[in-house]
Amino acid sequence: ETGVTQSPTHLIKTRGQQVTLRCSSQSGHNTVSWYQQALGQGPQFIFQYYREEENGRGNFPPRFSGLQFPNYSSELNVNALELDDSALYLCASRNDRFGAEAFFGQGTRLTVV
Amino acid sequence: AQRVTQPEKLLSVFKGAPVELKCNYSYSGSPELFWYVQYSRQRLQLLLRHISRESIKGFTADLNKGETSFHLKKPFAQEEDSAMYYCALSGSGGSYIPTFGRGTSLIVHP
Numbered sequence: 001e002t003g004v005t006q007s008p009t010h011l012i013k014t015r016g017q018q019v020t021l022r023c024s025s026q027s028g029h030n031t032v033s034w035y036q037q038a039l040g041q042g043p044q045f046i047f048q049y050y051r052e053e054e055n056g057r058g059n060f061p062p063r064f065s066g067l068q069f070p071n072y073s074s075e076l077n078v079n080a081l082e083l084d085d086s087a088l089y090l091c092a093s094r095n096d097r098f099g100a101e102a103f104f105g106q107g108t109r110l111t112v113v
Numbered sequence: 001a002q003r004v005t006q007p008e009k010l011l012s013v014f015k016g017a018p019v020e021l022k023c024n025y026s027y028s029g030s031p032e033l034f035w036y037v038q039y040s041r042q043r044l045q046l047l048l049r050h051i052s053r054e055s056i057k058g059f060t061a062d063l064n065k066g067e068t069s070f071h072l073k074k075p076f077a078q079e080e081d082s083a084m085y086y087c088a089l090s091g092s093g094g095s096y097i098p099t100f101g102r103g104t105s106l107i108v109h110p
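Same order as they appear, the protein sequences are chains A and B.
According to our numbering, the first sequence is numbered sequentially starting from 1.
According to our numbering, the second sequence is numbered sequentially starting from 1.
Just chain A, with the same shape it has in the complex:
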């Protein structure tokens, strides 16, 4: 059991709405990353937070934003939802002292209608 949990597991939103997805990282993990996984594709990197600061971003528009909190939790916020935002959203956490091995959550399935 990796200890990374995401909520909610499923979510349906209407185009134009805003959504917040949550991730509770494993204790002691100072780095959290978020990914979007469309059907039939591999995970695509959205952004990464290290000690509550964004330190890496993929090719996603500014309406994708995030926060990381001192208690190892984090959020992914998406504004002005579009139909193409429908996907599985994954978070992964790690401790940078121990290198690359990241522990993934089970994901949040977002459907935009």
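Worth flagging that the hints you see were computed from the coordinates, not collected in a lab.
Don't be surprised by glycine CBs; every beta carbon is placed ideally from N, CA and C.
It is possible that part of the hints are untrue.
As the list claims (entries may be wrong) - To be clear about the criterion: a stretch of chain A counts as covered by chain B if any three or more of its residues have a C-beta under 8 Å from a C-beta of chain B, and this derived list gives those stretches:
# : stretch
1 : 43-53
2 : 105-112
Claimed, not checked - If the Cβ cut is set under 10 Å, some of the chain A residues that face chain B in the computed set are:
# : residue
3 : 20
4 : 28
5 : 96
What the hints assert, rightly or not - Far from chain B, some chain A residues (derived; all Cβ distances over 10 Å):
#  : residue
6  : 10
7  : 11
8  : 17
9  : 26
10 : 33
11 : 40
12 : 60
13 : 73
14 : 90
Starting from the known structure of chain A, arrange chain B on it as the hints suggest.
Relative to the frame of chain A, chain B by itself:
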């Protein structure tokens, strides 16, 4: 730009047969390569990374810089190896921000 290509969407073999899941990459510097696995109804997890040079669950992968490949191999497939396998690349420097391939679904028949 970094890119990972997994040419096979699906690989179907019989138990006991050798398995090779292909991964080719494009990166201008010295990459770090990983294989991730996702078993049915489980979360994505790291299987192995090239710098560890280890065998996990009988799987090995060798980084071939000349061919820019990092194929995953196992000499004798088992039914429990059936899963989705993702090859991933990250740049050197410790940021560990990976680019994933689209994945290969491995099905091992009894």
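Here's how the hints hold up against the structure:
1. Counting residues of the stretch 43-53 of chain A whose beta-carbon sits less than 8 Å from any beta-carbon of chain B gives 4, enough to reach three: the coverage restraint holds.
2. Using a Cβ-Cβ cut-off of 8 Å, 3 residues of the stretch 105-112 of chain A lie near chain B, which meets the minimum of three, so the contact claim holds.
3. Proximity of residue 20 (chain A) to chain B is violated relative to the hint, the smallest CB-CB distance being about 21 Å (cut-off 10 Å).
4. Residue-level restraint check for residue 28 (chain A) is violated (minimum Cβ-Cβ distance to chain B is 17 Å; threshold 10 Å).
5. The interface hint given for residue 96 (chain A) holds, since its Cβ lies 7 Å from the closest Cβ of chain B, which is under the 10 Å cut-off.
6. Residue placement check: residue 10 (chain A) keeps its beta carbon more than 10 Å from all beta carbons of chain B (closest about 15 Å).
7. The beta carbon of residue 11 (chain A) sits about 18 Å from the closest Cβ of chain B, which is more than 10 Å, so the claim that it is off the interface holds.
8. For residue 17 (chain A), the requirement that its beta carbon stay farther than 10 Å from each beta carbon of chain B is met, with the minimum near 27 Å.
9. Every C-beta of chain B lies more than 10 Å from that of residue 26 (chain A), the closest at about 12 Å, which supports listing it as non-interface.
10. Not every beta carbon of chain B lies more than 10 Å from that of residue 33 (chain A), the smallest distance being close to 7 Å; the non-interface claim is violated.
11. With a least CB separation of 7 Å from chain B, residue 40 (chain A) falls inside the 10 Å interface cut-off, contrary to its annotation.
12. Look at residue 60 (chain A): its CB is around 13 Å from the nearest CB on chain B, clear of 10 Å, so calling it non-interface holds up.
13. Residue 73 (chain A), annotated as away from the interface, keeps every beta carbon of chain B farther than 10 Å; the closest lies near 18 Å.
14. Against the 10 Å criterion, residue 90 (chain A) falls within the reach of chain B, whose nearest CB is about 7 Å from its own CB.
Checked against the numbered hints listed earlier, the structure breaks hints 3, 4, 10, 11 and 14; every other hint is satisfied.
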